[in-house]
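Student: Now for the letters of each chain:
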Amino acid sequence: MTDTTTLQVDSLALPVGKGWLRRLAKSPNWVVGLIIVSLLAVVAVLAAVGVTPFPPIQQNPAIRFAAPSPEHWMGTDQFGRDVTSRVMAGVLASLRVALVAVALSAMVGSMAGIAAGFFGGWADRLIGRVTDILFAFPAILLALSIVAALGRGWVNTVIAITVVYTPIFVRVARGPVLTVRELEYVKAGRVLGFGSGRLLFRHVLPNVTAPIIVQIALALSWAILTESSLSFLGLGTQPPDPSLGLMVSEARTLFARGWWLMVFPASAIVLAVVGLNLLGDGLRDVLDPTRREGRF
Amino acid sequence: MRRYLLRRLAGALITLIGVAVLVFVLLRVLPGDEITARFGIESGSLTPAQRESLERYYGLDQPLVVQFFTWVGSVLSGNFGISVTSGSSVGRLIGRALPVTIELAVLSTLFGSIVGVAIGVMAASNANGLRDSVGQTFGLLGLGIPNFVIASGIIAFLAERFGYFPAAATYVDFWEAPLVNLQQQLYPALTLGVALAAATMRTTRSAFIEAASQDFVRTARGKGLSATRVKWRHVLGNSWTPIITIIGIQFGYLLGGAIIVEEIFALPGMGRLVLTGIGQREYAVVQSSVLVIAALFVVVNLLVDLAYARIDPRVRLT
Numbered sequence: 001m002t003d004t005t006t007l008q009v010d011s012l013a014l015p016v017g018k019g020w021l022r023r024l025a026k027s028p029n030w031v032v033g034l035i036i037v038s039l040l041a042v043v044a045v046l047a048a049v050g051v052t053p054f055p056p057i058q059q060n061p062a063i064r065f066a067a068p069s070p071e072h073w074m075g076t077d078q079f080g081r082d083v084t085s086r087v088m089a090g091v092l093a094s095l096r097v098a099l100v101a102v103a104l105s106a107m108v109g110s111m112a113g114i115a116a117g118f119f120g121g122w123a124d125r126l127i128g129r130v131t132d133i134l135f136a137f138p139a140i141l142l143a144l145s146i147v148a149a150l151g152r153g154w155v156n157t158v159i160a161i162t163v164v165y166t167p168i169f170v171r172v173a174r175g176p177v178l179t180v181r182e183l184e185y186v187k188a189g190r191v192l193g194f195g196s197g198r199l200l201f202r203h204v205l206p207n208v209t210a211p212i213i214v215q216i217a218l219a220l221s222w223a224i225l226t227e228s229s230l231s232f233l234g235l236g237t238q239p240p241d242p243s244l245g246l247m248v249s250e251a252r253t254l255f256a257r258g259w260w261l262m263v264f265p266a267s268a269i270v271l272a273v274v275g276l277n278l279l280g281d282g283l284r285d286v287l288d289p290t291r292r293e294g295r296f
Numbered sequence: 001m002r003r004y005l006l007r008r009l010a011g012a013l014i015t016l017i018g019v020a021v022l023v024f025v026l027l028r029v030l031p032g033d034e035i036t037a038r039f040g041i042e043s044g045s046l047t048p049a050q051r052e053s054l055e056r057y058y059g060l061d062q063p064l065v066v067q068f069f070t071w072v073g074s075v076l077s078g079n080f081g082i083s084v085t086s087g088s089s090v091g092r093l094i095g096r097a098l099p100v101t102i103e104l105a106v107l108s109t110l111f112g113s114i115v116g117v118a119i120g121v122m123a124a125s126n127a128n129g130l131r132d133s134v135g136q137t138f139g140l141l142g143l144g145i146p147n148f149v150i151a152s153g154i155i156a157f158l159a160e161r162f163g164y165f166p167a168a169a170t171y172v173d174f175w176e177a178p179l180v181n182l183q184q185q186l187y188p189a190l191t192l193g194v195a196l197a198a199a200t201m202r203t204t205r206s207a208f209i210e211a212a213s214q215d216f217v218r219t220a221r222g223k224g225l226s227a228t229r230v231k232w233r234h235v236l237g238n239s240w241t242p243i244i245t246i247i248g249i250q251f252g253y254l255l256g257g258a259i260i261v262e263e264i265f266a267l268p269g270m271g272r273l274v275l276t277g278i279g280q281r282e283y284a285v286v287q288s289s290v291l292v293i294a295a296l297f298v299v300v301n302l303l304v305d306l307a308y309a310r311i312d313p314r315v316r317l318t
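Residue numbers (this note's numbering), protein chains in the order written: chain Z, 1 to 296; chain E, 1 to 318.
Read the hints as simulated data drawn from the structure, not as lab findings. Just so we're clear, the structure is a prediction, and the values are computed from it rather than from any experiment. Note that the Cβ used here is the ideal one computed from N, Cα and C, for glycine as well. Do not take every clue at face value.
Derived, one-sided and incomplete: chain Z residues facing chain E with beta-carbon distance under 8 Å [to be verified]:
{"no.": "1", "residue": "S145"}
{"no.": "2", "residue": "L225"}
{"no.": "3", "residue": "V274"}
Sequences are here, hints too, so could you generate the full structure?
Tutor: This is the structure in C-alpha cells:
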C-alpha cells in the first residue's frame with residue numbers, strides 16, 4: 001500500500017532530494033535557455049537603471065539611418081535614435097509586461113484551480129465554466145478586445161495578458177489536485193481532523209508546484225509573443241517609448257533604408273521567446289517525468 | 001455516444017452564451033457610445049433633447065439586460081446590425097470576410113500539417129541523430145518566431161528583391177480568379193503555417209517515437225514487412241490521435257493569428273474586420289465578428305473531440 005502511494009506521488013511531485021538540480025544542469029535545453037534568459041535579464045536591468053549607450057528617445061537628425069558602426073552598434077533609425085538603446089529599452093518593456101502579467105495569472109489561476117479541484121461542487125463548476133468561456137477566444141483576440149475596451153498602454157496590456165493566461169493556470173493546477181485529493185495520505189489527514197487550510201498548503205500544494213513552474217516559463221514566452229503582437233498592432237506600449245513589436249512594425253516600410261531596423265528588434269523577440277521555451281522544456285523534462293518529451 | 005454529443009452541445013451552447021455576455025460587457029466598458037462614434041466631437045454639442053432621441057433610436061435608454069437580449073435576439077434572427085461607417089449590414093460584411101479567413105485557415109492548415117508530419121516522421125525515425133536535430137531546431141524556431149516577424153520579413157524580402165508588394169493589390173475572390181486569389185493567399189498562408197508545422201512536428205515526433213516502441217511494430221517487422229511500410233502504415237497509423245488533436249487546436253489558434261497576418265497582408269478577412277471595427281468604434285461590427293470567431297473556435301474544438309472516435313476506435317466517448 002505504502003509503495004503504490006509513494007509511486008503515484010512521485011510521478012506528480014517535485015523530485016525530492018538534490019538530484020533534480022544536477023539533472024537540470026545536464027539538460028542542454030535548460031542550460032541554453034538559462035543563458036539566453038539571463039543575458040536578456042541583464043540587458044533589461046541595465047536599461048531599467050538607465051545604462052544604455054544613448055537615451056532611447058534622443059533624436060539626432062544629423063545621423064538618420066546610420067548603418068551599424070562602433071559608435072551605434074545596431075545603427076540608428078529614421079529619427080537618428082540609437083537602435084541598440086531602443087532594443088534594450090524594448091526588452092525591458094516586454095519583460096516587464098510579461099513578468100507582471102504571468103505572475104498575476106499564475107497566482108490567480110493556480111489558486112482558483114487548486115480551490116476548484118480541492119473543494120469540487122459548485123465552486124468547481126463555476127470556475128470551470130468561466131475558464132471554458134475564456135478559452136473560447138483565440139488568445140490574441142481576447143487580449144485585443146480587452147485592450148480596446150480599457151485603452152492602450154502597458155498597464156492595460158498587463159491586464160489583458162493576465163486575463164488571457166489565467167485559465168491555463170486554472171487547468172494546470174486543477175488536474176493534479178484532483179488526483180492528490182483522492183490519495184491515501186490526504187484522506188488520512190482528513191480523518192485525523194486536519195483543517196482544509198493545512199491539507200491544502202502542506203499536502204496538496206507541494207504536489208502541484210512542478211507543473212505550475214513549468215507552465216510559468218512557457219507562459220512567459222507566450223506573454224512576450226502576445227505583448228509584442230499587441231504593440232506591433234499599435235495597441236501596446238505607446239510611442240515614443242520603445243517597444244520591440246512597434247519597432248518591427250515601423251521597420252516594414254523602412255527596410256530598404258536599413259535592414260538593421262527590423263533584424264535587431266525581431267531577433268530580440270525571437271531570442272526571448274526561444275530562450276523561455278527552452279527553459280520551460282528543460283524544466284518539464286526534469287520536473288515532470290510523465291511528459292518527458294524529447295528525451296527518448 | 002448520443003448522450004455525450006448532447007452534453008457537449010449543451011456545454012458549447014452555455015460557453016457561447018458566456019462569450020456573448022463577455023463581448024457585450026467589454027464593449028460597454030469602452031469609453032464613448034454609438035452616438036459618440038457616429039457624431040465624433042460634434043456629439044458634445046447635441047442638445048439634451050437631441051441626445052435623448054438618439055439614445056432612444058439606438059436603444060441606449062433601455063436597461064443593459066434589455067439591450068443584451070435585444071442584441072442576442074436580433075443576432076439569432078440573422079440581423080447583426082448596421083455598420084455606421086460603411087453603411088452596409090454587418091451580416092453582409094461578415095459574409096464577405098468569413099470565407100477569406102476560412103480559406104486562409106484551411107490553406108495554412110494544409111501546408112502546416114503536411115510539412116509538420118513529414119518533418120516529424122523524418123526527425124523521429126532518426127531519433128537523436130542529425131535529422132532529428134534539424135527537425136527539433138525547426139520546431140523550436142517555428143514556435144519562437146512570431147508570425148508578424150515572419151510576415152514582415154517576407155514582405156520586406158519580396159519588396160526588396162522582386163519589387164512585389166503582396167499587401168498592395170486589391171483582394172480578388174477565389175471564384176472570380178482562382179489563381180490570382182491563391183497567389184494572394186500564398187504568403188499569408190505560409191506565414192501562419194510555420195507555427196502550425198512546428199507544433200505538428202513536435203507532436204508527430206513524440207507520438208511516432210512512442211508508437212515505434214510498441215510490440216506490434218516488432219511483430220510487423222518480424223513477419224517480413226518492409227521498414228518503409230511499417231513506418232508509414234503501422235507506426236504513423238497509430239500516432240494520429242495526438243496529431244489530429246494538435247492540428248485541431250492549432251486550427252483554432254489560426255483564427256486568432258489570422259488577425260495580425262490579415263492586417264499585414266491586407267487580406268479583407270475577419271481579423272481585419274475586427275481591427276478596423278475597434279479603430280472606428282463600430283460596436284455592431286466588433287461585437288458580432290468577435291462572437292462569430294469565438295463560435296467558430298468552439299465548433300472546431302467540438303469537431304476535433306468528435307473526430308477522435310472516428311480516427312481511433314479505442315477512444316470511447318461517454
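Student: Hint by hint, note whether the structure agrees.
Tutor: Taking the hints in turn, this is what the structure says about them:
{"no.": "1", "hint": "S145", "result": "holds, 5 Å"}
{"no.": "2", "hint": "L225", "result": "holds, 5 Å"}
{"no.": "3", "hint": "V274", "result": "holds, 4 Å"}
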